[in-house]
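Asker: Put together the whole structure using the sequences plus the hints.
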Amino acid sequence: MLTKFISDKDAEAFLRLIDESENIVMTCHVRPDGDALGSTLGFYHLLMRMGKNAKVVIPDKAPKSLAFVPGAKELVAYSQYKEFAETLIQNADLIICCDFNKASRLDQLADIILNASCKKVLVDHHLDPDNFTDLTFSFDKMSSASELTFRLIAAMGLLEMMDKDCATAICTGIVTDTRNLSVNCEYSDLYIIMYELIKKGVDKRRIVKEALETKTYNSVKLCAYAMSEKLTIFEQHQGAVIVLDKSELDRFNYEKGDSEGLVNQALEIKGITYSFFLREDPDCIKVSARSVNNFPVNQICEDLFNGGGHIQAAGGEFYGTLEECQKILINAMPNYDKYLTHKHK
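First residue of the sequence shown: 2, per our numbering; consecutive thereafter.
Source of the hints: derived by calculation from the structure; they are not laboratory data.
Treat the hints with care, as some may be off.
What the hints assert, rightly or not - Across the chosen pairs, the derived CB separations fall in these ranges: (1) Ala68 - Tyr196: 24 to 32 Å; (2) Phe69 - Glu325: 35 to 43 Å; (3) Phe133 - Glu230: 36 to 44 Å; (4) Leu136 - Met228: 18 to 26 Å; (5) Lys210 - Ser118: 38 to 46 Å; (6) Glu230 - Asp20: 53 to 61 Å; (7) Gln91 - Gly272: 49 to 57 Å; (8) Lys328 - Asp129: 24 to 32 Å; (9) Cys285 - Thr217: 22 to 30 Å; (10) Thr217 - Met51: 33 to 41 Å; (11) Glu21 - Asp246: 49 to 57 Å; (12) Asn295 - Glu325: 28 to 36 Å.
Unchecked claim - No more than 30 Å apart at the CA atoms, straight line, and that leaves these computed lysine-lysine pairs for BS3-like: (13) Lys120 - Lys142; (14) Lys328 - Lys222; (15) Lys271 - Lys328.
Note that CB positions come from ideal geometry on N, CA and C, so glycine has one too.
Answerer: Right, here's the structure in full:
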(Lines of atoms letter the chains of each structure in order from A and count residues from 1; the text may use other names and numbers.)
(Lines give C-alpha, C1' and ligand atoms only; values in the text may rest on other atoms or scores of the structure.)
Protein backbone atom coordinates (compact mmCIF):
# COMPACT_ATOMS: atom_id res chain seq x y z
CA MET A 1 0.00 0.00 0.00
CA LEU A 2 1.45 3.34 -1.07
CA THR A 3 1.47 6.37 1.19
CA LYS A 4 -1.36 8.63 0.07
CA PHE A 5 -0.22 11.97 -1.31
CA ILE A 6 -2.94 12.64 -3.88
CA SER A 7 -6.43 13.44 -2.63
CA ASP A 8 -9.41 11.62 -4.11
CA LYS A 9 -10.82 15.00 -5.12
CA ASP A 10 -7.74 15.97 -7.13
CA ALA A 11 -7.42 12.53 -8.72
CA GLU A 12 -11.06 12.68 -9.79
CA ALA A 13 -10.57 16.19 -11.17
CA PHE A 14 -7.60 15.01 -13.26
CA LEU A 15 -9.47 11.97 -14.55
CA ARG A 16 -12.44 14.16 -15.44
CA LEU A 17 -10.19 16.47 -17.47
CA ILE A 18 -8.80 13.46 -19.33
CA ASP A 19 -12.25 12.00 -19.97
CA GLU A 20 -13.49 15.33 -21.33
CA SER A 21 -10.48 15.74 -23.66
CA GLU A 22 -9.73 14.19 -27.02
CA ASN A 23 -6.48 15.91 -28.04
CA ILE A 24 -3.97 15.80 -25.19
CA VAL A 25 -0.42 17.17 -25.32
CA MET A 26 2.36 16.37 -22.87
CA THR A 27 5.35 18.67 -22.57
CA CYS A 28 8.49 19.00 -20.46
CA HIS A 29 11.49 21.22 -19.78
CA VAL A 30 14.17 22.23 -22.26
CA ARG A 31 17.09 19.79 -22.63
CA PRO A 32 14.91 16.83 -21.64
CA ASP A 33 16.42 14.15 -19.43
CA GLY A 34 15.25 10.66 -18.50
CA ASP A 35 12.64 11.86 -16.04
CA ALA A 36 11.20 14.41 -18.46
CA LEU A 37 10.77 11.72 -21.11
CA GLY A 38 9.74 9.08 -18.60
CA SER A 39 6.83 11.12 -17.30
CA THR A 40 5.64 12.53 -20.64
CA LEU A 41 5.91 9.21 -22.48
CA GLY A 42 4.39 7.40 -19.52
CA PHE A 43 1.26 9.51 -19.91
CA TYR A 44 1.49 9.19 -23.70
CA HIS A 45 1.24 5.39 -23.66
CA LEU A 46 -1.53 5.41 -21.07
CA LEU A 47 -3.62 7.93 -23.00
CA MET A 48 -3.13 6.10 -26.29
CA ARG A 49 -4.45 2.96 -24.59
CA MET A 50 -7.45 5.01 -23.47
CA GLY A 51 -8.20 5.94 -27.07
CA LYS A 52 -7.01 9.54 -26.82
CA ASN A 53 -5.12 11.46 -29.50
CA ALA A 54 -1.96 11.93 -27.45
CA LYS A 55 1.19 13.80 -28.47
CA VAL A 56 4.43 14.78 -26.74
CA VAL A 57 5.80 18.20 -27.70
CA ILE A 58 9.21 19.08 -26.28
CA PRO A 59 11.23 22.31 -26.60
CA ASP A 60 14.27 20.72 -28.23
CA LYS A 61 15.62 17.34 -29.30
CA ALA A 62 16.05 14.56 -26.76
CA PRO A 63 19.52 13.04 -26.32
CA LYS A 64 20.32 9.96 -28.39
CA SER A 65 21.03 8.02 -25.21
CA LEU A 66 17.28 7.97 -24.52
CA ALA A 67 16.22 6.80 -27.98
CA PHE A 68 15.48 3.35 -26.53
CA VAL A 69 12.53 4.62 -24.46
CA PRO A 70 9.27 3.38 -26.01
CA GLY A 71 7.63 6.24 -27.90
CA ALA A 72 10.82 8.29 -28.31
CA LYS A 73 10.36 8.26 -32.10
CA GLU A 74 7.01 10.00 -31.66
CA LEU A 75 8.45 13.04 -29.86
CA VAL A 76 7.81 16.37 -31.59
CA ALA A 77 10.68 18.79 -30.94
CA TYR A 78 9.67 22.44 -31.32
CA SER A 79 13.22 23.31 -32.39
CA GLN A 80 12.74 21.07 -35.45
CA TYR A 81 9.01 21.25 -36.23
CA LYS A 82 7.81 24.67 -35.08
CA GLU A 83 4.59 24.92 -37.11
CA PHE A 84 3.51 21.35 -36.38
CA ALA A 85 4.25 21.76 -32.67
CA GLU A 86 2.31 25.02 -32.51
CA THR A 87 -0.66 23.43 -34.28
CA LEU A 88 -0.72 20.52 -31.84
CA ILE A 89 -0.68 22.89 -28.87
CA GLN A 90 -3.32 25.20 -30.33
CA ASN A 91 -5.63 22.24 -31.01
CA ALA A 92 -5.09 20.63 -27.61
CA ASP A 93 -8.00 20.11 -25.23
CA LEU A 94 -5.60 19.45 -22.35
CA ILE A 95 -1.88 20.02 -21.76
CA ILE A 96 0.03 18.02 -19.14
CA CYS A 97 3.25 19.74 -18.05
CA CYS A 98 5.83 17.33 -16.67
CA ASP A 99 9.01 17.72 -14.63
CA PHE A 100 9.36 21.50 -14.35
CA ASN A 101 8.14 24.10 -11.88
CA LYS A 102 8.47 27.32 -13.86
CA ALA A 103 7.14 28.13 -17.32
CA SER A 104 10.51 29.62 -18.22
CA ARG A 105 11.89 26.06 -18.25
CA LEU A 106 9.93 25.57 -21.47
CA ASP A 107 12.30 27.97 -23.20
CA GLN A 108 10.83 29.01 -26.59
CA LEU A 109 7.69 26.97 -25.93
CA ALA A 110 6.78 28.99 -22.83
CA ASP A 111 4.57 31.67 -24.39
CA ILE A 112 2.90 29.17 -26.72
CA ILE A 113 1.95 26.89 -23.82
CA LEU A 114 0.91 29.76 -21.55
CA ASN A 115 -1.27 31.31 -24.26
CA ALA A 116 -3.00 28.04 -25.12
CA SER A 117 -6.70 28.31 -24.24
CA CYS A 118 -7.10 24.73 -22.97
CA LYS A 119 -6.85 23.40 -19.43
CA LYS A 120 -3.38 22.63 -18.09
CA VAL A 121 -2.10 20.23 -15.43
CA LEU A 122 1.31 20.31 -13.73
CA VAL A 123 3.02 17.06 -12.68
CA ASP A 124 6.29 17.91 -10.94
CA HIS A 125 8.60 17.23 -8.00
CA HIS A 126 10.57 20.47 -7.68
CA LEU A 127 10.28 23.13 -4.98
CA ASP A 128 8.05 26.19 -5.24
CA PRO A 129 6.09 25.68 -8.49
CA ASP A 130 4.73 28.73 -10.28
CA ASN A 131 0.97 29.02 -10.57
CA PHE A 132 0.45 28.62 -14.32
CA THR A 133 -1.80 25.55 -14.52
CA ASP A 134 -5.42 24.81 -13.64
CA LEU A 135 -4.51 21.74 -11.60
CA THR A 136 -1.18 21.24 -9.85
CA PHE A 137 0.41 18.05 -8.56
CA SER A 138 3.73 19.01 -6.99
CA PHE A 139 5.51 16.93 -4.36
CA ASP A 140 9.18 17.77 -3.84
CA LYS A 141 9.72 14.76 -1.57
CA MET A 142 9.23 12.37 -4.49
CA SER A 143 12.18 10.94 -6.38
CA SER A 144 10.96 12.02 -9.79
CA ALA A 145 8.09 13.28 -11.89
CA SER A 146 7.90 9.73 -13.23
CA GLU A 147 7.19 8.39 -9.74
CA LEU A 148 4.41 10.96 -9.46
CA THR A 149 3.11 9.87 -12.86
CA PHE A 150 2.78 6.31 -11.55
CA ARG A 151 1.03 7.53 -8.41
CA LEU A 152 -1.44 9.59 -10.44
CA ILE A 153 -2.23 6.64 -12.70
CA ALA A 154 -2.84 4.53 -9.60
CA ALA A 155 -4.89 7.24 -7.87
CA MET A 156 -7.13 7.55 -10.93
CA GLY A 157 -7.72 3.78 -10.90
CA LEU A 158 -5.98 3.26 -14.24
CA LEU A 159 -3.21 0.80 -13.34
CA GLU A 160 -4.93 -1.91 -15.37
CA MET A 161 -4.51 0.33 -18.43
CA MET A 162 -0.74 0.54 -17.92
CA ASP A 163 1.16 -1.62 -20.42
CA LYS A 164 4.84 -2.54 -20.65
CA ASP A 165 5.72 0.53 -22.74
CA CYS A 166 4.12 2.88 -20.22
CA ALA A 167 5.85 1.11 -17.34
CA THR A 168 9.22 1.16 -19.13
CA ALA A 169 9.02 4.90 -19.70
CA ILE A 170 8.16 5.53 -16.05
CA CYS A 171 10.90 3.19 -14.85
CA THR A 172 13.42 5.04 -17.02
CA GLY A 173 12.51 8.31 -15.32
CA ILE A 174 12.88 6.85 -11.85
CA VAL A 175 16.15 5.07 -12.64
CA THR A 176 17.79 8.15 -14.17
CA ASP A 177 16.68 10.63 -11.50
CA THR A 178 17.76 8.34 -8.65
CA ARG A 179 20.98 7.16 -10.33
CA ASN A 180 19.69 3.60 -10.30
CA LEU A 181 18.13 3.90 -6.84
CA SER A 182 21.21 5.37 -5.18
CA VAL A 183 19.90 8.86 -4.29
CA ASN A 184 16.50 10.26 -3.29
CA CYS A 185 15.23 6.74 -2.75
CA GLU A 186 15.28 6.13 1.00
CA TYR A 187 11.62 5.18 1.38
CA SER A 188 9.78 1.93 0.83
CA ASP A 189 7.08 3.33 -1.49
CA LEU A 190 9.57 3.67 -4.33
CA TYR A 191 10.44 -0.02 -4.19
CA ILE A 192 6.77 -0.96 -4.17
CA ILE A 193 6.39 1.10 -7.35
CA MET A 194 9.44 -0.56 -8.92
CA TYR A 195 7.94 -3.95 -8.06
CA GLU A 196 4.69 -2.99 -9.81
CA LEU A 197 6.59 -1.75 -12.88
CA ILE A 198 8.62 -4.95 -13.14
CA LYS A 199 5.39 -6.94 -12.88
CA LYS A 200 4.34 -5.13 -16.05
CA GLY A 201 7.33 -6.66 -17.84
CA VAL A 202 9.91 -3.89 -17.48
CA ASP A 203 13.52 -4.92 -18.14
CA LYS A 204 15.23 -2.75 -15.53
CA ARG A 205 18.69 -4.11 -16.34
CA ARG A 206 18.33 -2.94 -19.95
CA ILE A 207 17.18 0.50 -18.83
CA VAL A 208 20.21 0.89 -16.57
CA LYS A 209 22.53 -0.30 -19.32
CA GLU A 210 21.05 1.99 -21.99
CA ALA A 211 20.49 5.11 -19.89
CA LEU A 212 23.37 5.06 -17.43
CA GLU A 213 26.06 2.67 -18.60
CA THR A 214 26.28 3.20 -22.36
CA LYS A 215 28.33 6.07 -23.79
CA THR A 216 29.86 6.93 -27.14
CA TYR A 217 33.61 6.78 -27.56
CA ASN A 218 33.73 10.57 -27.81
CA SER A 219 31.72 10.88 -24.59
CA VAL A 220 34.12 8.61 -22.71
CA LYS A 221 37.11 10.60 -24.00
CA LEU A 222 35.45 13.92 -23.12
CA CYS A 223 34.64 12.85 -19.56
CA ALA A 224 38.11 11.39 -19.05
CA TYR A 225 39.67 14.65 -20.25
CA ALA A 226 37.38 16.71 -18.03
CA MET A 227 38.22 14.68 -14.92
CA SER A 228 41.96 14.60 -15.56
CA GLU A 229 42.54 18.11 -16.90
CA LYS A 230 39.58 20.37 -16.05
CA LEU A 231 38.66 19.36 -12.49
CA THR A 232 39.62 21.68 -9.63
CA ILE A 233 39.27 20.61 -5.99
CA PHE A 234 38.57 23.18 -3.27
CA GLU A 235 39.43 21.07 -0.26
CA GLN A 236 38.67 23.74 2.34
CA HIS A 237 35.11 24.00 1.03
CA GLN A 238 34.71 20.31 0.14
CA GLY A 239 33.80 21.40 -3.37
CA ALA A 240 34.79 20.45 -6.90
CA VAL A 241 34.37 22.38 -10.14
CA ILE A 242 34.62 21.03 -13.69
CA VAL A 243 34.82 23.54 -16.55
CA LEU A 244 34.59 22.88 -20.30
CA ASP A 245 34.66 25.61 -22.93
CA LYS A 246 33.28 25.44 -26.47
CA SER A 247 36.63 24.67 -28.09
CA GLU A 248 37.08 21.66 -25.82
CA LEU A 249 33.59 20.41 -26.54
CA ASP A 250 34.23 20.81 -30.26
CA ARG A 251 37.51 18.90 -29.98
CA PHE A 252 35.59 15.85 -28.76
CA ASN A 253 32.72 16.32 -31.25
CA TYR A 254 30.32 17.00 -28.39
CA GLU A 255 26.68 16.00 -28.85
CA LYS A 256 23.79 16.52 -26.48
CA GLY A 257 24.03 13.99 -23.66
CA ASP A 258 27.78 13.37 -23.97
CA SER A 259 28.49 15.04 -20.61
CA GLU A 260 25.57 13.35 -18.83
CA GLY A 261 26.69 12.13 -15.41
CA LEU A 262 30.00 14.00 -15.49
CA VAL A 263 29.04 16.24 -12.56
CA ASN A 264 28.38 13.14 -10.45
CA GLN A 265 31.85 11.70 -10.96
CA ALA A 266 33.56 14.27 -8.76
CA LEU A 267 31.34 13.21 -5.84
CA GLU A 268 33.14 9.87 -5.85
CA ILE A 269 36.28 11.64 -4.59
CA LYS A 270 36.78 11.22 -0.85
CA GLY A 271 36.07 14.44 1.03
CA ILE A 272 33.98 16.06 -1.71
CA THR A 273 30.50 17.16 -0.64
CA TYR A 274 29.40 19.04 -3.75
CA SER A 275 30.32 19.30 -7.40
CA PHE A 276 29.65 21.89 -10.11
CA PHE A 277 29.99 21.46 -13.86
CA LEU A 278 30.17 24.62 -15.99
CA ARG A 279 29.69 24.06 -19.72
CA GLU A 280 29.93 26.74 -22.40
CA ASP A 281 26.83 26.38 -24.57
CA PRO A 282 26.15 28.61 -27.62
CA ASP A 283 23.78 30.94 -25.75
CA CYS A 284 24.85 30.69 -22.11
CA ILE A 285 26.95 28.89 -19.53
CA LYS A 286 25.06 25.78 -18.45
CA VAL A 287 25.47 25.07 -14.74
CA SER A 288 24.88 21.62 -13.21
CA ALA A 289 25.35 20.80 -9.54
CA ARG A 290 25.18 17.68 -7.37
CA SER A 291 25.86 17.03 -3.70
CA VAL A 292 25.70 14.57 -0.83
CA ASN A 293 24.79 14.96 2.86
CA ASN A 294 21.92 17.30 1.99
CA PHE A 295 24.25 20.14 1.03
CA PRO A 296 21.92 22.68 -0.66
CA VAL A 297 23.29 23.13 -4.17
CA ASN A 298 19.81 24.33 -5.14
CA GLN A 299 20.37 27.38 -2.95
CA ILE A 300 23.66 28.18 -4.67
CA CYS A 301 22.07 27.80 -8.10
CA GLU A 302 19.19 30.02 -7.07
CA ASP A 303 21.46 32.68 -5.55
CA LEU A 304 24.04 32.81 -8.33
CA PHE A 305 22.68 31.33 -11.53
CA ASN A 306 18.97 32.10 -11.79
CA GLY A 307 18.27 28.43 -11.23
CA GLY A 308 17.27 25.95 -8.58
CA GLY A 309 16.17 22.37 -8.24
CA HIS A 310 16.56 19.87 -5.44
CA ILE A 311 18.84 20.03 -2.41
CA GLN A 312 21.25 17.49 -3.91
CA ALA A 313 20.62 18.05 -7.63
CA ALA A 314 20.22 21.47 -9.19
CA GLY A 315 21.15 23.63 -12.13
CA GLY A 316 21.03 27.05 -13.66
CA GLU A 317 22.32 29.33 -16.40
CA PHE A 318 24.79 32.19 -16.51
CA TYR A 319 24.82 34.87 -19.19
CA GLY A 320 28.40 36.04 -19.36
CA THR A 321 31.80 34.52 -19.94
CA LEU A 322 32.89 31.14 -18.63
CA GLU A 323 35.66 32.84 -16.65
CA GLU A 324 33.16 35.19 -14.98
CA CYS A 325 30.88 32.29 -14.10
CA GLN A 326 33.73 30.32 -12.56
CA LYS A 327 34.98 33.33 -10.59
CA ILE A 328 31.53 34.06 -9.16
CA LEU A 329 31.12 30.46 -8.02
CA ILE A 330 34.57 30.19 -6.43
CA ASN A 331 34.28 33.53 -4.64
CA ALA A 332 30.91 32.52 -3.21
CA MET A 333 32.03 29.16 -1.83
CA PRO A 334 32.90 30.44 1.69
CA ASN A 335 29.33 31.71 2.08
CA TYR A 336 28.04 28.14 2.01
CA ASP A 337 30.56 26.50 4.35
CA LYS A 338 27.94 26.74 7.11
CA TYR A 339 26.00 23.95 5.41
CA LEU A 340 28.89 21.49 5.56
CA THR A 341 28.29 18.70 8.07
CA HIS A 342 31.98 17.80 8.45
CA LYS A 343 34.15 20.88 8.33
CA HIS A 344 37.92 20.98 7.89
CA LYS A 345 39.81 22.36 10.85
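Asker: Which of the numbered hints above does this structure break?
Answerer: Hint 4 contradicted; others consistent.
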